[in-house]
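Undergrad: Protein chains in written order, with the working numbering: chain G, 1 to 264; chain Y, 265 to 569.
Each hint should be verified, as a subset may be incorrect.
[As the list claims (entries may be wrong)] Going by beta-carbon spacing under 8 Å, a handful of chain G positions derived as facing chain Y: (1) 91; (2) 93; (3) 95; (4) 101; (5) 109; (6) 110; (7) 114; (8) 116; (9) 118; (10) 121.
To be clear, the hints were calculated from the coordinates, so they are not data collected in a lab.
Heads up, the beta-carbon is just placed ideally off N, CA and C, and yes, glycines get one too.
Read off the chains here:
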Amino acid sequence: MLTLTGVRKTFNPGTVNEKVALAGIDLHLERGDFVTVIGGNGAGKSTMLNSIAGVFPIDSGTILLGGNDISRLPEHARARYLGRVFQDPMRGTAADMQIDENLAFAARRGKSRTLRWGISKAEREEYTEELAKLGLGLETRLSDKVGLLSGGQRQALTLLMATLQRPDLLLLDEHTAALDPKTAAKVLELTEQIVGEENLTTLMVTHNMHDAIRLGNRLIMMSDGKIIYDVRGEEKSRLHRADLMAKFEEAAGEELANDRMLLG
Amino acid sequence: MLLAFQGAVAQGVLWGIMVLGVYITFRLLDIADLTVDGSFALGGCTCAVLIVEHGVNPWLGLLAGLCVGVLAGGVTGLLHTVFDIPAILAGILTQIGLWSINLRIMGKANIPLLKNPNIFSDLGKASGLTQNIATIVIGSLVAAALVALLYWFFGTEIGSALRATGNNEDMVRALGVDIRMTKLLALMVSNGLVGLSGALVCQSQKYADVGMGTGAIIVGLAAIVIGEVLGRTLPGKLRSFSSRLIAAVVGSIVYFLIRAIVLQLGLDPNDMKLLSAIIVALALSVPVVWSRYQLKRAYSKGGVA
Ligand SMILES: Nc1ncnc2c1ncn2[C@@H]1O[C@H](COP(=O)(O)OP(=O)(O)OP(=O)(O)O)[C@@H](O)[C@H]1O
Ligand SMILES: [Mg+2]
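Please work from the sequences and hints to get the whole structure.
TA: Rendered as structure tokens:
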């Protein structure tokens, strides 16, 4: 489904702020894979997801999605393949537009937009049904402005918007990190539900190891712009927090050792 | 006196069409587009030259005003979207360039249309209405038609994309829309309205002048702000999109009424620009100061507790 080969990205090359964010990523996802991504701050998780989404061009390597080379497509052109939910609940929705308008706008992702009316009556009925499934009471508030919703409600709405039209790949970048624990649990539950029902290929970044182990069929750990650990299936479900912590420390230790070597 | 107020309403309606254009960029796209001063004059000058020197039908003159406005907006749009020039600067560049272009189009600084028929005098002759009333009638019809057209347009798939662009560019890109296209389109539609308004004003005041658009953006912003303040006193509080468009036109009429009153009181017409600037500055700064005050109060309360 998704194949990254030798993807590299350096920010601010040639300056004192030069930062190798992706140091050669090779990753292959099968259709229906639900992969959790963990790693310390600055490990390159967001950069990897943003490279796939086309937020910035990559320096080298290729990104294949469903057999198409999307490495050189601009962000808006890749959107037809991708569903995305950001960490910041404000980034996924348009505050001054109504709930139904946001959904209708998202439902046309990747389709050519015309002078047809932006939302149809049939659509509104469909959205009422879909919103009811979220169990947040939004189904009665279709014409409310999204700006009136809470962060959790907005995040749940963004998730629905991202999947309304089935994406080939769903990208979730710490999409529950800005929510309180209870709301985060609810949004995560919805994520599981939607991804499961639609059997969506998914990359989900999280800082919660428990979630990373519990959810999905595969887990990758990143450090220093590389994938340093990749487990799936049985092996993954047998993982414990302690195993991951040990891996983290191992990676951190290597970094320290490298630094020492440089200094030495 | 009454005549002066009739004249003010007539002016207000015609300028209100420009205000609709400014509303699109300022409120929907969150851009202060300074092209407006130039594209307003461009619409007026083009229309005047076509009518006076080429004997073109005044209605076609309006259409031409609209088209050249669209082009001017396109230039600003390309500078902004293709070359990443900040919107304000892109607008200024087009505006400055248009000054010279407008002089070239007219070949002189102004053109009178005294002897030529125009849409308002045509209606006056046909119906016996005075020039002012004829202007108000035609202006209101055109404004109403445009409000309806804009209401429709911003409800379509493309129009929704424009509104969303002003809201959240990240989201719009993530949902597959090229924001360069939406911004370009919005600037073209906006300046099309401004050019049309310029052409209407030129026909109603019976002359076109290279400086006729100077300060138009401030008039537009002031009118929007006045319309919003008035609208907030209404029960609906301008929740619907159509009511906000209507408020923009009404704000324009009120602006010109205030202007007429100020002039009646003996103020120098040139001071009106200062007054407009103060209105806009106040309208933009009051909410900021207010929220800062609230924040301060919240802190000091918390400190005591
Ligand atoms: N636009 C950018 N410009 C410059 N440097 C950047 C940019 N984006 C990311 N970086 C740098 O690249 C590195 C990787 O960042 P990235 O955001 O991918 O980390 P992450 O794994 O998502 O971390 P976190 O868990 O904190 O979100 C960091 O050192 C970061 O400072
Ligand atoms: Mg990140």
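Undergrad: Decide, hint by hint, whether the structure agrees.
TA: Status of each hint after checking the structure:
no.: 1; hint: 91; in the structure: holds, 5 Å
no.: 2; hint: 93; in the structure: holds, 6 Å
no.: 3; hint: 95; in the structure: holds, 6 Å
no.: 4; hint: 101; in the structure: holds, 6 Å
no.: 5; hint: 109; in the structure: holds, 5 Å
no.: 6; hint: 110; in the structure: holds, 4 Å
no.: 7; hint: 114; in the structure: holds, 5 Å
no.: 8; hint: 116; in the structure: holds, 6 Å
no.: 9; hint: 118; in the structure: holds, 4 Å
no.: 10; hint: 121; in the structure: violated, 13 Å
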